[in-house]
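> From just these sequences and the hints, can you work out the full model?
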Amino acid sequence: MKPNQRRHSVFRWRHILAVLGAAVALAMVAPATAQAAAGSDDTTVRPQGVTAVSSATRAAGAAAADNPGPWITRNEILSRAKSWYDAHVPYSMEKYRDDYRTDCSGYVGMAWHTNDNYWWTGDLDTISVQITYNALRPGDILLYHNEANPVNGSHTVIFDHWVGAVGGDFMMYEQTKPSTKHRLWSEAGYSRSLYKPFKYRRVLEAGTSGADVAWMQGSGLFTFSGAGFPTIGSVDGIGTPDWAGVGDYNHDGRDDLFWYYAGDGTIHTCDANGTTFTNCTMRRGPGVGKPDWAGVGDFDGDGYRDDIAWHQGSTIFTFSGSGLATTGSVDGPGTPTWAGVGDYTHDGRDDLFWFYPDGTIHTCESNGSTFANCTMRRGPGIGTPDWAGVGDFDGDGYRDDIAWHQGSAVFTFSGSGLATIGSVDGIGTPTWAGVGDYNHDGKDDLIWYYGADGTLHTGESTGTTFTNWTMRRGPGIGIPAWAGTGTFH
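Count along the sequence shown from 1, add 950, and you get the number used in the numbering used here.
It cannot be assumed that every hint is accurate.
[As the list claims (entries may be wrong)] The calculated BS3-like cross-link candidates involving lysine-lysine, where the alpha carbons are at most 25 Å apart (straight line), are:
{"#": "1", "residue 1": "K1045", "residue 2": "K1032"}
{"#": "2", "residue 1": "K1146", "residue 2": "K1240"}
{"#": "3", "residue 1": "K1045", "residue 2": "K1131"}
{"#": "4", "residue 1": "K1127", "residue 2": "K1146"}
{"#": "5", "residue 1": "K1146", "residue 2": "K1131"}
{"#": "6", "residue 1": "K1032", "residue 2": "K1146"}
The hints are simulated quantities; they were obtained by calculation from the structure and are not laboratory data.
Quick look at the structure:
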């Protein structure tokens, strides 16, 4: 039987067998799970949600859930979603475009660039993690699967961006009749109580950073967020850390704080609740030795910056998991003069940038549990920075660029050899500085604090250098004992 004949045969059998029960229907339609060629007008009935027809494809999807597709940036997800909107792709549960079914779940699979078109509303949650509504970011989805009526009672949409305040109305992409839409959530009239937010497990969080600021002063920990960096919350009683870092420990889409006290050698986390920090809990220790340097990143490639690289003596240890257990170590790397965290290799796992007194910058690549292939990328002869930070300054979706302040200039290093791609003069040495996408344009900016007058400024990335240096808050902000940037709201 020719392939087209078999697909049309399955189409007829599906209608004949609908009254005979799930087991018989499954036996007759299981061979029809092969995908259609790109752009074909395949008419095999695959209504997402029908148990009998979909169980074979769900089994294949379950097998593929560990590796559903390549890592993808949020910008890429939105770009792929927009491509169907621009093409006015008609909605159909039976037809395919670009190898993906043109219904709502097929559209999500296409936007996420999954390897196969197995996914439907009943198992998209197996390749994603549930998050909170306020944690929704571009490329996440809202999912409603109705077990009682999966064909006509289920739906999923792709989150684009908030319109106004976080947690309010938002723009979304969706595949629905008559064709792909880009509209407000409120315009669609869906019930928020039914739809659950999810984040794809293979989305790259190594792109731009959040531009909220956690500011430790005295015994108070303040949260600055939004235009002008107003204080949106605070918590008292948190002792000054000997080291601290920022990452999403509890996987809720908001960055938390990692907090180390050398006095007893304990590492704690404090969970962000949207305005301040709570549930400060010891996760490891006592007895953890003070690091020469430490940094937080996604070193195991699970999509969350929840691991710690901990340099002590001549060893880099990797801490990961709920108790921040040691998952690996490597000996040999000397103490850096400066170091940073970012995805140099673009493989979805964060690597280390390592600067030595001889003026060389090296990278050490994460292999999921420890670091290998420590290689000099630039130098010797690079001067010691007054401050440096890693970010996605060129907007390519990867935190693999370095902002390097030396004297009165900020240089931007980027690419395989960390070449200088731009510079700006006249920028004074900061008392503290951080990296985050303040203007939400997909490129990380610099957040710059001068202790002399207590002012907080931003320098906006152009893709090669930084411009529009503007005071956002102050004067009169006290010097922090520690501060860090992230997505805390």
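> Does each hint fit the structure? Answer for all of them.
These are the hints, each one checked on the structure:
| no. | hint | in the structure |
| --- | --- | --- |
| 1 | K1045 to K1032 | holds, 19 Å |
| 2 | K1146 to K1240 | violated, 41 Å |
| 3 | K1045 to K1131 | holds, 18 Å |
| 4 | K1127 to K1146 | holds, 22 Å |
| 5 | K1146 to K1131 | holds, 20 Å |
| 6 | K1032 to K1146 | holds, 22 Å |
In this structure, the one hint that does not hold is number 2.
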